[in-house]
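Trainee: What follows is each chain in one-letter form.
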Amino acid sequence: MMDYKEAGLSPDDLKEMYRYMLLARKLDERMWLLNRAGKLPFVISCQGQEATQVGIGFALDKANDIISPYYRDLALVTYFGITPEETMLSAFAKEGDINSGGKQMPSHFGKKEANVLTQGSCVATQVLHAVGTAFKFKVDNEPHIALTTLGEGSSNQGDFHEGLNFAGTHDLPFICIIENNKYAISTPTDLQYGAEKLSDRAIGYGMHGEQIDGNDPIAVYASVKKARERAVNNEGASLIEALSTRLTAHSSDDNHNLYRTKEDIEAMKEEDCIKLFRVYMLENNIVDEKWMEAIDAELKKVVQEATKKAEAAPYPAPEDALKNVYEEVN
Amino acid sequence: MAKMTYLQAITDALDYEMGKDENVFIFGEDVGYKGGVFGVTVGLQEKYGKWRCLDSPLAESNIVGMCLGAAMMGKRPVAEIQFAEYILPATNQILNEAAKIRYRSNGDWNAPMVIRAPFGGGIHGALYHSQSIETIFASTPGLKVVIPSSPADAKGLLISAIRDNDPVLFFEHKKAYRLLKEEVPEGEHTVEIGKADVKREGDDITIITYGLMVNYALQAAERLKEVGYEAEIVDLRTVYPLDKETIINATKKTGKVLLVTEDNLEGSIMSEVSAIIGENCLYDLDAPIMRLAGPDVPAMPYSPPMEDFFMVNPEKIYDKMKELAEH
Chain A
1 MMDYKEAGLS PDDLKEMYRY MLLARKLDER MWLLNRAGKL PFVISCQGQE ATQVGIGFAL
61 DKANDIISPY YRDLALVTYF GITPEETMLS AFAKEGDINS GGKQMPSHFG KKEANVLTQG
121 SCVATQVLHA VGTAFKFKVD NEPHIALTTL GEGSSNQGDF HEGLNFAGTH DLPFICIIEN
181 NKYAISTPTD LQYGAEKLSD RAIGYGMHGE QIDGNDPIAV YASVKKARER AVNNEGASLI
241 EALSTRLTAH SSDDNHNLYR TKEDIEAMKE EDCIKLFRVY MLENNIVDEK WMEAIDAELK
301 KVVQEATKKA EAAPYPAPED ALKNVYEEVN
Chain B
331 MAKMTYLQAI TDALDYEMGK DENVFIFGED VGYKGGVFGV TVGLQEKYGK WRCLDSPLAE
391 SNIVGMCLGA AMMGKRPVAE IQFAEYILPA TNQILNEAAK IRYRSNGDWN APMVIRAPFG
451 GGIHGALYHS QSIETIFAST PGLKVVIPSS PADAKGLLIS AIRDNDPVLF FEHKKAYRLL
511 KEEVPEGEHT VEIGKADVKR EGDDITIITY GLMVNYALQA AERLKEVGYE AEIVDLRTVY
571 PLDKETIINA TKKTGKVLLV TEDNLEGSIM SEVSAIIGEN CLYDLDAPIM RLAGPDVPAM
631 PYSPPMEDFF MVNPEKIYDK MKELAEH
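Each protein sequence line maps, in turn, to chains A and B. No gaps in the numbering here: position 81 of the first sequence is 81 in the working numbering, and each next residue is one more. Just so we're on the same page, the working numbering is the position in the second sequence counted from 1, plus 330.
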């Protein structure tokens, strides 16, 4: 793991990063439990990718930068301001779901107040929305950036190529992060692309390209921070490939034991970014076991509270299905 | 008022809105220095600068998706697709993204954008430069699909489309660009989206149509007058969502209705108009609903005799009108 001082981070920063990583993990784990208990129809996970996501978040100016995330980005959007209660309301498809008012499946994030663009299910479309946002920042001379994320599977879609080509053409203040977790549902990388590194595609788009360790939140932070500086200084866009790990099946409707070997699944657990970061924090005397126990208990309570409130919340009215098709002028 | 072609009226609308609102920008293939392949955006880059009338790379999904991102951030993009057929690579961004932004975010985000594209036949454009593609988009709640039939409507509807807070598809008939010319109000001029217009009053038969076919139907109606019948002509102007009230009233007025589109017959806009009439006007009809459209072949052929065979024209409309009037 990268030296945090070298990255310009303080021990307090690390604690805050760990907090968001663990919060997202606990929310995610709780949703799986609720799914297996028959209370939620669907879950799709961030587990294993929290380091990449929180590293990204920390490098951005969340008051002004815009993110166009994908469905695994629970840790990133939690850092940006979608609250645990809002996440649970969305999971239960309840009225207060800020993402969609119960219209979309969970993990289709969006919250204007938190600078999170709305997303659908067709992968890579969000890349172009971030590019359009970056275009706005460029032409209006605003010192902000737009960042999008997607899986390596989605990086084969046309919208990815069209968007990065345009961002490169005009050096837009744009960052694209490929969260390469090595599987597109069941399809491994050797059936997805022939390139050695996906970040090498950056050459073709005329932008900076870089492959990094996505299990190291400090390395991700350092890389995205530099990319952000280049972007706001008119030095162009960046494509960053964060090598990460998918600890769960694709979704609650998938069984990865059918296409992953036992050895692969066991080895993957050793790459669990939360475990790795925990060890790093303890070994570097950032925190002690007591702090770890306390944060664990605190976040458990946060998740518990959010779940309870969401479960008790009302469903949308049936007729709410008719609302927000077009602007409603009173 | 000034005399303008359909094309000049569209340019005038763009110029007027760009002058009024600095968030309006144009993005499309060859729209900048060249001013578009039809010349609709000529002079706008020079007047408003590179970023406000920008040439896009040749990638339609990027044109629409980039504009959608900018629209969500408060810009008012006008995307240009060079020919209507070329919009298909962008359909995912239009149908799955732009149309659903407001709904899927429960009103948190919206997409105030216009997508302009020239459509229609009769210009020796063959299969891929002659199509009517409005039905692909005209059953998607969240979208509005506008097709003007005259220079004045083109200006007023385009200004309204740019000011609309939801995505609007704006199809311009390329044969109309230089064929149609009339007095157009200078400066501020809007036409309400979602409202059809009665372009000619008559008591004997009702023609419901849109686009270039409105002009052709008006020509046919003047000939029909000579044999003693007066036709009411309704211009839909917005083909989605349809103005049901005007369709129903105009049908009830004469009890005889001819629906005209230059699109293929099956599954056309007129199929829905026909259903509205069937549901609401059955007991007011004095003749079966009659439809006139292109044949159900993939698209318009290139060779002149085959193109003429496909294309609806004033003569074909006149023949159908007369047949209906005499029913």
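Quick caveat, the hints were computed from the structure, so don't treat them as lab data. On a predicted model such as this, the values are computed, not experimentally measured, just so you know. Some hints could be false.
Simulated DEER-style distance windows between Cβ atoms [stated by the list, open to error]:
hint	chain 1	residue 1	chain 2	residue 2	range
1	B	Val367	A	Ala313	38 to 46 Å
2	B	Glu609	A	Cys122	30 to 38 Å
3	A	Ile295	B	Asn495	38 to 46 Å
4	B	Glu522	A	Gly158	51 to 59 Å
5	B	Ser633	A	Pro318	53 to 61 Å
6	A	Glu319	B	Pro571	40 to 48 Å
Just so you know, even glycine gets a beta-carbon here, dropped at the ideal spot from N, CA and C.
Trainee: Using the C-beta atoms of A/Glu319 and B/Pro571, is the stated range 40 to 48 Å upheld?
Mentor: 19 Å Cβ-Cβ, so the 40 to 48 Å window is violated.
Trainee: Look at the Cβ atoms of B/Val367 and A/Ala313 and judge whether their distance stays inside 38 to 46 Å.
Mentor: With Cβ atoms ~54 Å apart, the hint is violated.
Trainee: Could you see if the CB distance from A/Ile295 to B/Asn495 stays within 38 to 46 Å?
Mentor: At roughly 44 Å between Cβ atoms, B/Asn495 and A/Ile295 fall inside 38 to 46 Å, so the hint holds.
Trainee: Does the Cβ distance between B/Glu609 and A/Cys122 fall inside 30 to 38 Å?
Mentor: 34 Å, holds
Trainee: So does B/Glu522 sit 51 to 59 Å from A/Gly158, Cβ to Cβ?
Mentor: This hint is violated: roughly 37 Å between Cβ atoms.
Trainee: A range of 53 to 61 Å was offered for this pair. Does it hold for the Cβ distance of B/Ser633 and A/Pro318?
Mentor: 56 Å, holds
Going through the hint list in order, the structure does not satisfy hints 1, 4 and 6.
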